[in-house]
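Novice: Residue numbers (the working numbering), protein chains in the order written: chain A, 1 to 199; chain B, 1 to 199.
Be a bit skeptical, because a hint or two may be false.
Same chains, same label: a pair holds when it works inside one copy or across any pair of copies.
Unchecked claim - Derived DSSO-like pairs (lysine-lysine); straight-line CA-CA distance at most 27 Å:
(1) Lys117 - Lys131
(2) Lys35 - Lys117
(3) Lys160 - Lys131
(4) Lys14 - Lys43
Worth flagging that the hints you see were computed from the coordinates, not collected in a lab.
Here are the chains, one letter per residue:
Number of protein chains: 2
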Amino acid sequence: MNSNIIDNLVKTLKILPGIGPKSAQRITFFLLRNKQIGIDLYKSLNDVMLKVNQCVMCFNFTTESICSICSNQERLNYGQICIVENPADVFAIEQTGQFSGVYFILFGCLSPIDGIKSSDINLDILENRLKKNIIKEVIIATSSTVEGEITSNYIAGICKNHNIIVSRIAYGIPVGSEIESIDFNTLSHSIIRRYEINY
Amino acid sequence: MNSNIIDNLVKTLKILPGIGPKSAQRITFFLLRNKQIGIDLYKSLNDVMLKVNQCVMCFNFTTESICSICSNQERLNYGQICIVENPADVFAIEQTGQFSGVYFILFGCLSPIDGIKSSDINLDILENRLKKNIIKEVIIATSSTVEGEITSNYIAGICKNHNIIVSRIAYGIPVGSEIESIDFNTLSHSIIRRYEINY
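Isolated chain A (complex conformation) (with noise of 0.2 Å):
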């Protein structure tokens, strides 16, 4: 690459999750080969860059001060709050259309290898909210991680404090799945937390 301009825009590209300097360098030539995406991921990236900030309730990102989710009554007062890690979580759980509730964005788990606390992770402002006696049930969808249940373990004994009803996401069988390449915890979660068919 002769030129400066070119090799910052590699550089800044291969910081991005999941891209290498192959990847960087081919994006960066398709990008120039291709100006109007080009000129179109530049205009999507400064309003994301400008109008994008965090809700307030949650922590998602959202353009307003409060999110659509957060701001919608009939969530609210449905009682239930989703604990998830991040906002692709959310985005997950929405796809479902299973929940009704709102969520709670931790952006993390509690790590004591890393040091990452409770409040780090915003539990400090969960508590707060669960104090005040709206939320009826804390459903509780971190990853299934050392850290994840380490976290969900800390949330859970919030909850007991405020005798608040709090549930965890269900392990088992991927839907899908064969049940020989099934590893050994999940097909042990599977057969612990099975479920009576009613016919």
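Go by the hints and put chain B onto chain A.
Specialist: Frame of chain A, contents of chain B only:
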């Protein structure tokens, strides 16, 4: 996602090569969480879109009207021109330090199936340049694909018409590879084109 602005960025990122829907979402959330990187990307993109154009000699991307390689009198006088498909190939060959001439970028290959003719990949411009009798040797570095070979043969034909030496970069086993893992065609080439060891 509850915002059109965020959706637009995801949609635009999805168009980029090698970026699927999940990656596009992941990058978007990453940029929202790391606004400085988003701003850097925005600035780099703006610079590239506004300031970069194509070299009038080799068609590589540059911020000048003639790129740094084509404006280097020493390289021009060397009398060699290397024909490549993409700017990334120039970058790769420059890194070897084995080539002292100038380049010519086709931005594609001849492809009768896709209806790509010689004028679509600037071969008419190349022929005009070769007519001027300044180039002493043409080195063809197109891909080792059907299209790359067709293009190579076409260029070799032009060179023959104008009595210019023409060469093709060598086929053979990649450095560091094990013979048993090399495909039949490559191994055939590497045996046919074997070189005598002088000791």
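Novice: It remains to establish, for every hint, whether it holds in the given structure.
Specialist: Evaluation of the provided hints:
no.: 1; hint: Lys117 - Lys131; verdict: within (20 Å within a copy, 72 Å between copies)
no.: 2; hint: Lys35 - Lys117; verdict: between (45 Å within a copy, 23 Å between copies)
no.: 3; hint: Lys160 - Lys131; verdict: within (11 Å within a copy, 86 Å between copies)
no.: 4; hint: Lys14 - Lys43; verdict: both (20 Å within a copy, 15 Å between copies)
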